[in-house]
Amino acid sequence: MNELPPFLIFFLASLLVFPTRGVMRKVILLATPILAALHIALNIDPSVNSVFSLLEFELNLLRVDKLSLLFSYLFCVASLLATIFALHVNDTKQQIAGLIYAGSALGAVFAGDFVTLFIFWELLAISSVVFIWSRATERAISAGVRYLIFQVLSGVLLLAGALVHYKSTGTLAFDHVGLNGVSGWLIFIAFGIKSAFPFLHGWLTDGYPEATATGTVFLSAFTTKVAVYSLARGFAGEEILVYIGVTMACFPIFYAVIENDLRRVLSYSLINQVGFMVTGIGIGTALSLNGAVAHAFSDVIFKGLLFMTMGAVLHRVGHVNGSDLGGLYKTMPKTTLLCIIGAMSISAFPLFSGFVSKSMVMAAMVQEHYHLLWLFMLFASAGVFHHAGIKIPYFAFFAHDSGLRPQESPNNMLIAMGMAAGLCLFIGMQPQYLYSMLPWTVDYWPYDLTHVLTQLQLLFFSALAFVWLNKQGLYPPELHSTNLDAEWVYRKLLPAGVQRGLAFAQNLKASAWAVAVAPMNSVRRSLSESSMAKYNLSESWPTGSMVLWISFTLVAYLLLDIFIYE
Amino acid sequence: MSEKSNAKHLFDDPRNVDRLLRVFYAICVLLVIVDFFVHRHIEMWWEKMPAFYALYGFVACVVLVIAAKKMRTVVMRKEDYYDE
Numbered sequence: 264m265n266e267l268p269p270f271l272i273f274f275l276a277s278l279l280v281f282p283t284r285g286v287m288r289k290v291i292l293l294a295t296p297i298l299a300a301l302h303i304a305l306n307i308d309p310s311v312n313s314v315f316s317l318l319e320f321e322l323n324l325l326r327v328d329k330l331s332l333l334f335s336y337l338f339c340v341a342s343l344l345a346t347i348f349a350l351h352v353n354d355t356k357q358q359i360a361g362l363i364y365a366g367s368a369l370g371a372v373f374a375g376d377f378v379t380l381f382i383f384w385e386l387l388a389i390s391s392v393v394f395i396w397s398r399a400t401e402r403a404i405s406a407g408v409r410y411l412i413f414q415v416l417s418g419v420l421l422l423a424g425a426l427v428h429y430k431s432t433g434t435l436a437f438d439h440v441g442l443n444g445v446s447g448w449l450i451f452i453a454f455g456i457k458s459a460f461p462f463l464h465g466w467l468t469d470g471y472p473e474a475t476a477t478g479t480v481f482l483s484a485f486t487t488k489v490a491v492y493s494l495a496r497g498f499a500g501e502e503i504l505v506y507i508g509v510t511m512a513c514f515p516i517f518y519a520v521i522e523n524d525l526r527r528v529l530s531y532s533l534i535n536q537v538g539f540m541v542t543g544i545g546i547g548t549a550l551s552l553n554g555a556v557a558h559a560f561s562d563v564i565f566k567g568l569l570f571m572t573m574g575a576v577l578h579r580v581g582h583v584n585g586s587d588l589g590g591l592y593k594t595m596p597k598t599t600l601l602c603i604i605g606a607m608s609i610s611a612f613p614l615f616s617g618f619v620s621k622s623m624v625m626a627a628m629v630q631e632h633y634h635l636l637w638l639f640m641l642f643a644s645a646g647v648f649h650h651a652g653i654k655i656p657y658f659a660f661f662a663h664d665s666g667l668r669p670q671e672s673p674n675n676m677l678i679a680m681g682m683a684a685g686l687c688l689f690i691g692m693q694p695q696y697l698y699s700m701l702p703w704t705v706d707y708w709p710y711d712l713t714h715v716l717t718q719l720q721l722l723f724f725s726a727l728a729f730v731w732l733n734k735q736g737l738y739p740p741e742l743h744s745t746n747l748d749a750e751w752v753y754r755k756l757l758p759a760g761v762q763r764g765l766a767f768a769q770n771l772k773a774s775a776w777a778v779a780v781a782p783m784n785s786v787r788r789s790l791s792e793s794s795m796a797k798y799n800l801s802e803s804w805p806t807g808s809m810v811l812w813i814s815f816t817l818v819a820y821l822l823l824d825i826f827i828y829e
Numbered sequence: 051m052s053e054k055s056n057a058k059h060l061f062d063d064p065r066n067v068d069r070l071l072r073v074f075y076a077i078c079v080l081l082v083i084v085d086f087f088v089h090r091h092i093e094m095w096w097e098k099m100p101a102f103y104a105l106y107g108f109v110a111c112v113v114l115v116i117a118a119k120k121m122r123t124v125v126m127r128k129e130d131y132y133d134e
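Just so you know, the sequences run in chain order G and H. Just so you know, we're using my numbering here: the first sequence kicks off at 264 and counts up by one. Just so you know, we're using my numbering here: the second sequence kicks off at 51 and counts up by one.
The hints are simulated quantities; they were obtained by calculation from the structure and are not laboratory data. Mixed in with the good hints there might be a few duds.
Listed below are the simulated DSBU-like cross-link pairs for lysine-lysine, each with C-alpha atoms no more than 30 Å apart in a straight line [stated by the list, open to error]: (1) H:K119 / G:K734; (2) H:K58 / G:K289; (3) H:K58 / G:K734; (4) H:K58 / G:K755; (5) G:K772 / H:K58; (6) G:K755 / G:K597; (7) G:K289 / G:K597; (8) G:K356 / G:K289; (9) G:K755 / H:K120; (10) H:K128 / G:K755; (11) G:K772 / G:K755; (12) G:K597 / H:K58.
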């Protein structure tokens, strides 16, 4: 029993979901993440490796160390919160997908070799797209297809990279890869797609906002965090990640300011937060790596909480367009309060979870003398507060009164959001428990006077800017719109290019035909103009006339035979 | 609509909004005043500037919003742009 890989608990549970109904099924759904977490805590011995042989390869389904353990606990917590949030949904497809999705995430973080990683990588893709398709709108279905193409492409690149890696090193073990040679780059881009690197992020901002109200909560927790884990495992200390991470932290906030769909705003802010993690991985010191994974931990919970509050609004109102919401605090006060807690956590207010994890990455940047980039990250920190911390709660729950008076969120949603909010506060106020789980040993404490004061100054004056811009009427109004982003390349440019290409090919065919046919026509014309042309028989030779002439000939022979030889 | 929707809520009264904002402004002022009395650890030269973080936060957000507004002229399309 000790070596039972935890993902199997989820996969077995998904089989049990089929024959059960009602309360029994809900008990199974809720018990699974709890059982898995207990199994990991009690039965799994760190530093165990459970190796299976398949053909000539050795598959390592259970490589346990502090890094994989941290993420496995995180995924159990995320799965439990999302399951409670979705408990009212009676959709077998989504329930099974939820179990397979969370189980695959666990499988991926315990995978000790590339083949195992690849299998769970693709299972993550296939199970997660169910949450987008279950929305069953035309937009959701096509967004789901695009999402799946990117995810599967990432898997294909991973497999290709792994095979080249095997060829050159003779091992499939998934340890530090580094950016050496083709295999390193292939695997790097595979991880990069899943962690939404700039220009490869279209699937995220395209797909997540189209998923079901409960589905986005699942989606936000696993895919990108498995990618962050994989980057930390395979590419720690690659300097290019610092620059990629800073870009990821900065560019989405501009889009987030002008985006109307509040779940798309959160998707942009998800990329922004992953940017902090990627930067931490790129710096590669013990402090920065700890910061990256600690931030992944707190991000899953506060971003989950924010997606839950917007999911609750979507559930009650039917849309999450900032332009048409407002004043919901009047009838959804509890959801409002929980949303504010999530917003303060993501903005890294002291006493909230973002503060204790993001600050590690920022401190590591200063230590390693990335001073200029640190200024960019400070800009991104202010920007996060602006779009996720203020914009989300303000436009949904306050702003102008939209006249909407939806009911308070259902109880199961309130419980899930309450638990997530409680965790945000607990991590923020008692960070020592999270710190003790971190993989690298580091002596770091976030609460000192300088840090608290400077962070409060930054945040309060960001808020002051919001108030001032609003009072001056300079703040851009929320508008029904689509903002062009990386996906424009494959949703407009490529299709238009293909269409142009096809039209061009058609023109080419027509002109080639004309060129080939012209000499034939001139030959025909010259024949018809020759002196022979006046004889009708030379003009055309229909079979009918041939048959006629043959029968005339035969009749002639017959007459000759009868009358002459007699 | 039910009776509840006509009930007065916290921010229906503009005086409450003003009160909230006044508290908020007071905290902002306080944070700047404190900056002159607390000895911050300084790692980079620009941190020596008094109330550097407050200034940076304010300027960053104004720049962010103005730039994003400008960005709209380039990237904004109709809501059904991709559906056509």
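Hint check:
{"no.": "1", "hint": "H:K119 / G:K734", "in the structure": "holds, 16 Å"}
{"no.": "2", "hint": "H:K58 / G:K289", "in the structure": "violated, 40 Å"}
{"no.": "3", "hint": "H:K58 / G:K734", "in the structure": "holds, 24 Å"}
{"no.": "4", "hint": "H:K58 / G:K755", "in the structure": "violated, 49 Å"}
{"no.": "5", "hint": "G:K772 / H:K58", "in the structure": "violated, 73 Å"}
{"no.": "6", "hint": "G:K755 / G:K597", "in the structure": "violated, 42 Å"}
{"no.": "7", "hint": "G:K289 / G:K597", "in the structure": "holds, 25 Å"}
{"no.": "8", "hint": "G:K356 / G:K289", "in the structure": "holds, 14 Å"}
{"no.": "9", "hint": "G:K755 / H:K120", "in the structure": "holds, 22 Å"}
{"no.": "10", "hint": "H:K128 / G:K755", "in the structure": "holds, 14 Å"}
{"no.": "11", "hint": "G:K772 / G:K755", "in the structure": "holds, 25 Å"}
{"no.": "12", "hint": "G:K597 / H:K58", "in the structure": "holds, 18 Å"}
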